[in-house]
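Novice: The residues making up each chain are set out below.
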Amino acid sequence: MSYGELRDIEVSYDKKNLILKDLNLDIRKGELLSLLGPSGCGKTTTLRVIAGLMDTAAGSFVLDGQDMTHVPVHKRGFGVVFQSYALFPHLSVRDNIAFGLSMRKLDKKETDRKVEKMADICGIREYLERFPKQLSGGQRQRVALSRALVIEPKLLLLDEPLSNLDAQLRIQMRTTIKKIQQELGITTVFVTHDQEECFSISDRVAIMDKGIIMQCDSPEAIYRKPVNEMIARFVGFKNFYPAASYRAMGAQVSGDGLCCIRPSDITIRKGGGETVEVRTYLGNSYQYEVSATCGSMTVSSTLDPPLEVGEKVTLSPQTEKVVILGA
Amino acid sequence: MYKHHLLSVITIIACAFLFIPLLLIIITSFNSADTISIPLDGFSLSWFGKVFASRSLVSSLRTSLLLALLASCIGLVVGLMCAIAITRKPGKFSSFCLDLFLSPSLIPGIVIGYVLFLFLVVRLKMKLDYALILGHVLVVLPYSVRILSSGLKECDETIEEAAMTLGCNRIQAFVKVVLPDLKPAFLSAFMLSFINSFNNIPVSMYLKGPGKNTLPYAMMNYIEYNYDPTVSALSVMLMGLTLVFMVIIDRVTGTGKGSRA
Amino acid sequence: MFLLLPLALVCLFCLLPLILSLVPTFTKPVFGLSHYVAFFKDSFNRIIFQRSLRISLITTIICILVGLPTSYYVSLLGEKKRRLLNSLILFPLLTNAVVRGFAWISILGKNGLLNQLFLSLHLTEEPVKLLYTEGAIIVGSVYLFLPVMISTLSSVMERIGMETVEAAYSLGAPPVVAFFRIVVPLSFSGVLVAGVMVFAGTISAYTTPTLLGGSQNMMLSTLLYQQSNTLADWDAASLIAFLMMLLSLGMMKLFNVLASKIDQRGTEHV
Numbered sequence: 001m002s003y004g005e006l007r008d009i010e011v012s013y014d015k016k017n018l019i020l021k022d023l024n025l026d027i028r029k030g031e032l033l034s035l036l037g038p039s040g041c042g043k044t045t046t047l048r049v050i051a052g053l054m055d056t057a058a059g060s061f062v063l064d065g066q067d068m069t070h071v072p073v074h075k076r077g078f079g080v081v082f083q084s085y086a087l088f089p090h091l092s093v094r095d096n097i098a099f100g101l102s103m104r105k106l107d108k109k110e111t112d113r114k115v116e117k118m119a120d121i122c123g124i125r126e127y128l129e130r131f132p133k134q135l136s137g138g139q140r141q142r143v144a145l146s147r148a149l150v151i152e153p154k155l156l157l158l159d160e161p162l163s164n165l166d167a168q169l170r171i172q173m174r175t176t177i178k179k180i181q182q183e184l185g186i187t188t189v190f191v192t193h194d195q196e197e198c199f200s201i202s203d204r205v206a207i208m209d210k211g212i213i214m215q216c217d218s219p220e221a222i223y224r225k226p227v228n229e230m231i232a233r234f235v236g237f238k239n240f241y242p243a244a245s246y247r248a249m250g251a252q253v254s255g256d257g258l259c260c261i262r263p264s265d266i267t268i269r270k271g272g273g274e275t276v277e278v279r280t281y282l283g284n285s286y287q288y289e290v291s292a293t294c295g296s297m298t299v300s301s302t303l304d305p306p307l308e309v310g311e312k313v314t315l316s317p318q319t320e321k322v323v324i325l326g327a
Numbered sequence: 001m002y003k004h005h006l007l008s009v010i011t012i013i014a015c016a017f018l019f020i021p022l023l024l025i026i027i028t029s030f031n032s033a034d035t036i037s038i039p040l041d042g043f044s045l046s047w048f049g050k051v052f053a054s055r056s057l058v059s060s061l062r063t064s065l066l067l068a069l070l071a072s073c074i075g076l077v078v079g080l081m082c083a084i085a086i087t088r089k090p091g092k093f094s095s096f097c098l099d100l101f102l103s104p105s106l107i108p109g110i111v112i113g114y115v116l117f118l119f120l121v122v123r124l125k126m127k128l129d130y131a132l133i134l135g136h137v138l139v140v141l142p143y144s145v146r147i148l149s150s151g152l153k154e155c156d157e158t159i160e161e162a163a164m165t166l167g168c169n170r171i172q173a174f175v176k177v178v179l180p181d182l183k184p185a186f187l188s189a190f191m192l193s194f195i196n197s198f199n200n201i202p203v204s205m206y207l208k209g210p211g212k213n214t215l216p217y218a219m220m221n222y223i224e225y226n227y228d229p230t231v232s233a234l235s236v237m238l239m240g241l242t243l244v245f246m247v248i249i250d251r252v253t254g255t256g257k258g259s260r261a
Numbered sequence: 001m002f003l004l005l006p007l008a009l010v011c012l013f014c015l016l017p018l019i020l021s022l023v024p025t026f027t028k029p030v031f032g033l034s035h036y037v038a039f040f041k042d043s044f045n046r047i048i049f050q051r052s053l054r055i056s057l058i059t060t061i062i063c064i065l066v067g068l069p070t071s072y073y074v075s076l077l078g079e080k081k082r083r084l085l086n087s088l089i090l091f092p093l094l095t096n097a098v099v100r101g102f103a104w105i106s107i108l109g110k111n112g113l114l115n116q117l118f119l120s121l122h123l124t125e126e127p128v129k130l131l132y133t134e135g136a137i138i139v140g141s142v143y144l145f146l147p148v149m150i151s152t153l154s155s156v157m158e159r160i161g162m163e164t165v166e167a168a169y170s171l172g173a174p175p176v177v178a179f180f181r182i183v184v185p186l187s188f189s190g191v192l193v194a195g196v197m198v199f200a201g202t203i204s205a206y207t208t209p210t211l212l213g214g215s216q217n218m219m220l221s222t223l224l225y226q227q228s229n230t231l232a233d234w235d236a237a238s239l240i241a242f243l244m245m246l247l248s249l250g251m252m253k254l255f256n257v258l259a260s261k262i263d264q265r266g267t268e269h270v
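Residue numbers (the working numbering), protein chains in the order written: chain A, 1 to 327; chain B, 1 to 261; chain C, 1 to 270.
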């Protein structure tokens with residue numbers, strides 16, 4: 001039994017165009033589950049359904065045995081971090097973080113203790129008396145996080161929390177989030193469109209497109225065995241050709257499905273029937289576009305000395321690294 | 001999401017409060033009897049005809065139309081000059097000037113009317129017609145300045161420079177390249193000026209001449225002595241006209257924004 | 001260059017007349033506030049002054065109490081419904097003050113629609129006096145300025161943003177609490193700015209008090225017109241004009257300063 005279950009969720013804005021249809025998702029206790037996909041795929045909508053901010057036309061949401069489907073937002077007790085952080089501009093950082101606690105009618109001593117403890121965990125203790133206007137993006141983000149965590153939520157929901165930060169801060173913050181999440185053991189659902197960010201910290205990833213979850217698995221499993229072409233491209237696979245073409249190059253693959261392989265999993269040797277068309281220097285390796293019988297193959301190799309344009313080569317895709325996608 | 005019942009009740013009351021009185025005027029203008037009542041005794045368009053039969057209403061309509069036209073045109077030209085000067089030379093003086101040109105909209109209309117009357121007509125013995133036009137130009141100037149200067153600000157200065165590299169001098173570049181770009185701003189400034197001059201009461205009140213009235217003032221007089229659907233009919237026509245103007249403004253500023261790359 | 005002509009125009013024909021008309025109220029015949037003191041000594045004037053303040057204040061308060069919830073509700077709605085409601089709300093702005101005044105005359109008058117309704121429902125024996133009261137002026141003034149209040153507050157609501165309110169919900173605040181603890185404080189400076197516009201507008205209006213209040217309920221604007229046109233008492237009229245300027249411009253300056261002080265506390269700039 002999963003900790004959280006979304007079953008057959010259906011959402012639409014105008015009863016005609018469905019944003020989510022028959023959406024099913026399991027959330028395991030204590031995990032960091034990411035919803036990954038391009039803009040418009042429905043990942044934020046799904047998060048808002050979980051949060052209670054979006055009405056569903058059909059379907060149910062159960063958490064820890066309780067049916068949450070018709071429970072209003074303010075009674076769900078989930079911590080939400082919005083993309084814009086949504087800090088209350090007229091309240092100090094301390095009052096922002098304490099807001100959820102004041103709703104739960106905690107006394108002042110208890111509130112201060114919890115606020116300060118959480119501020120320590122998130123590293124913003126010295127900003128408690130400041131106002132959001134005076135903080136940088138990264139600081140505001142940590143305030144938003146503290147505010148959501150201090151209420152000891154059953155679920156932590158993060159809507160693209162890092163997309164407004166610069167690259168370096170983004171990497172720093174995602175590690176911080178993962179650390180805090182693990183320390184506190186809070187089940188977390190994290191929405192993002194950045195594949196690298198998602199794969200680096202998630203326990204499981206649900207990849208979505210057009211309102212459907214295409215694959216929900218650990219990052220390693222998705223990385224090794226994507227289920228369709230879109231996901232395969234997303235995680236770095238190239239060279240999409242039918243199985244027959246791969247067989248022609250010596251790989252032992254059966255069936256007629258579409259196959260693909262990573263550029264680094266093709267062995268390239270001098271001499272043979274294929275020609276190198278383009279060579280690109282990537283720093284630690286070279287990438288070659290080779291014109292094979294089936295089409296252009298992208299191969300990367302650390303061969304030293306590197307191959308020249310126009311050289312004749314042989315390609316041997318490693319059989320066990322070829323991924324056969326759905327027919 | 002959370003549409004509280006009390007909130008929606010207040011909103012419905014507010015919208016009804018704002019909409020129903022005018023709806024009632026529209027309905028009562030079609031009454032066949034000469035009373036303003038509901039339900040209607042019968043359906044008739046005669047009151048619309050009566051509007052045009054009333055000499056005072058028609059002549060004041062003509063006066064208002066001419067005045068609005070004149071004031072808006074002058075306001076546009078003067079406003080353009082202000083806008084150009086303000087946007088081309090940003091700085092403290094410019095923002096001071098901007099506030100200066102927008103100030104007539106902050107002063108109570110009746111005070112402007114009174115002060116102009118006292119100063120121009122009584123003290124300087126200026127002809128009422130000129131004073132009236134002047135007063136209306138002052139009233140509409142803020143609209144032109146505001147709309148034209150924000151239109152100019154949005155303008156890309158580099159298109160002027162491009163024109164100059166292609167052979168135009170400063171003035172030609174401005175006329176050929178910038179002015180056409182401002183067409184939507186001109187149109188909406190003109191229409192807003194026109195509407196506000198047409199509807200103006202305080203300034204017109206003071207500066208109108210004997211025998212010469214603006215339409216709003218003529219309407220006020222008419223109401224004092226007559227209580228029949230003629231004014232309802234006139235109101236309906238004015239509402240329709242303003243609606244058309246607003247739709248045109250909306251269309252024009254909408255497409256204007258779209259065509260700007 | 002370009003600025004010279006318009007500058008001359010505005011200065012000469014707006015500022016100069018203003019100064020020349022209003023300054024004498026302080027300097028003729030002797031420098032001082034003697035005219036003003038005399039003005040307020042007269043109970044007739046005092047009543048009018050108080051009435052103008054009272055009516056403007058009540059109108060402003062009503063506009064705020066009705067406008068704030070309405071603009072909040074409208075901001076919660078979807079695109080289509082919001083556009084429909086906005087057109088309904090802005091509809092009165094298509095008309096001039098006479099038409100709006102006339103609409104209320106036809107509703108509130110002795111033979112007006114409301115009295116026709118009361119009589120036909122046998123709620124009263126005789127027509128109720130609704131017109132030519134202070135209440136009628138208040139109704140007419142609210143009618144003039146409610147659209148302005150609502151549309152100003154709508155843009156304030158947009159600036160606050162739905163996500164901020166949703167954050168409050170997610171932290172456990174029921175809708176009513178969220179409204180009073182988040183929406184109201186954040187819209188406060190916007191309310192001040194819009195409120196002062198309503199106040200200044202109501203005090204400056206001429207048509208509405210004349211049509212709906214009549215000669216028994218004079219306001220500063222009607223007094224001004226009477227003094228200048230009917231009685232040709234320039235000194236008295238200039239004095240009233242100055243008072244009106246003071247009330248509207250002075251209030252505007254005061255409240256704008258107050259609003260920006262509040263913004264400095266850390267609220268989003270309105």
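FYI, nobody ran anything at the bench for these hints, they're computed from the structure. Errors might be hidden in some of the hints.
Stretches of chain C that chain A covers, calculated by requiring three or more beta carbons in the stretch to come under 8 Å of a beta carbon on chain A [what the hints assert, rightly or not]:
#	segment
1	168-176
2	179-187
3	235-242
Subject to a maximum C-alpha distance of 25 Å in a straight line, what follows is the list of computed DSS-like cross-link-like pairs (lysine-lysine) [to be verified]:
#	chain 1	residue 1	chain 2	residue 2
4	A	LYS210	A	LYS225
5	A	LYS154	A	LYS117
6	B	LYS50	B	LYS153
7	A	LYS270	A	LYS16
8	A	LYS225	A	LYS108
9	C	LYS129	C	LYS110
10	A	LYS15	C	LYS80
11	A	LYS178	A	LYS108
12	B	LYS153	B	LYS89
13	C	LYS253	B	LYS92
14	A	LYS179	A	LYS29
15	A	LYS178	A	LYS29
16	B	LYS212	B	LYS125
17	C	LYS81	A	LYS16
18	A	LYS16	C	LYS80
19	A	LYS270	A	LYS312
20	A	LYS225	A	LYS238
21	C	LYS129	A	LYS15
22	B	LYS153	B	LYS92
23	C	LYS261	B	LYS92
24	A	LYS133	C	LYS261
25	A	LYS178	A	LYS114
26	C	LYS253	A	LYS21
Quick reminder that beta carbons are idealized off the backbone N, C-alpha and C, glycines included.
Novice: Now, for every hint given, state plainly whether the structure supports it.
Specialist: Results for each hint:
1. 168-176: Holds: 8 residues of the segment 168-176 of chain C have a Cβ under 8 Å from chain A.
2. 179-187: holds (count 3)
3. 235-242: Check failed, 0 qualifying residues.
4. LYS210(A) <-> LYS225(A): holds (21 Å)
5. LYS154(A) <-> LYS117(A): Distance ~19 Å between LYS154(A) and LYS117(A) Cα, so the pair holds.
6. LYS50(B) <-> LYS153(B): Outside the cut-off at roughly 48 Å; violated.
7. LYS270(A) <-> LYS16(A): violated (58 Å)
8. LYS225(A) <-> LYS108(A): violated (53 Å)
9. LYS129(C) <-> LYS110(C): holds (6 Å)
10. LYS15(A) <-> LYS80(C): Status holds; Cα separation ~14 Å.
11. LYS178(A) <-> LYS108(A): violated (30 Å)
12. LYS153(B) <-> LYS89(B): This hinted pair holds, its Cα atoms lying about 11 Å apart.
13. LYS253(C) <-> LYS92(B): holds (19 Å)
14. LYS179(A) <-> LYS29(A): It holds: about 16 Å lies between the C-alpha atoms, which stays within 25 Å.
15. LYS178(A) <-> LYS29(A): holds (15 Å)
16. LYS212(B) <-> LYS125(B): Status holds; Cα separation ~18 Å.
17. LYS81(C) <-> LYS16(A): Holds: LYS81(C) and LYS16(A) sit about 17 Å apart, inside 25 Å.
18. LYS16(A) <-> LYS80(C): Roughly 15 Å between the alpha carbons, so the hint for LYS16(A) and LYS80(C) holds.
19. LYS270(A) <-> LYS312(A): With Cα atoms ~6 Å apart, LYS270(A) and LYS312(A) stay inside 25 Å; holds.
20. LYS225(A) <-> LYS238(A): holds (13 Å)
21. LYS129(C) <-> LYS15(A): Cα-Cα ~51 Å, so violated.
22. LYS153(B) <-> LYS92(B): With Cα atoms ~16 Å apart, LYS153(B) and LYS92(B) stay inside 25 Å; holds.
23. LYS261(C) <-> LYS92(B): holds (22 Å)
24. LYS133(A) <-> LYS261(C): holds (15 Å)
25. LYS178(A) <-> LYS114(A): Holds, at about 21 Å.
26. LYS253(C) <-> LYS21(A): violated (55 Å)
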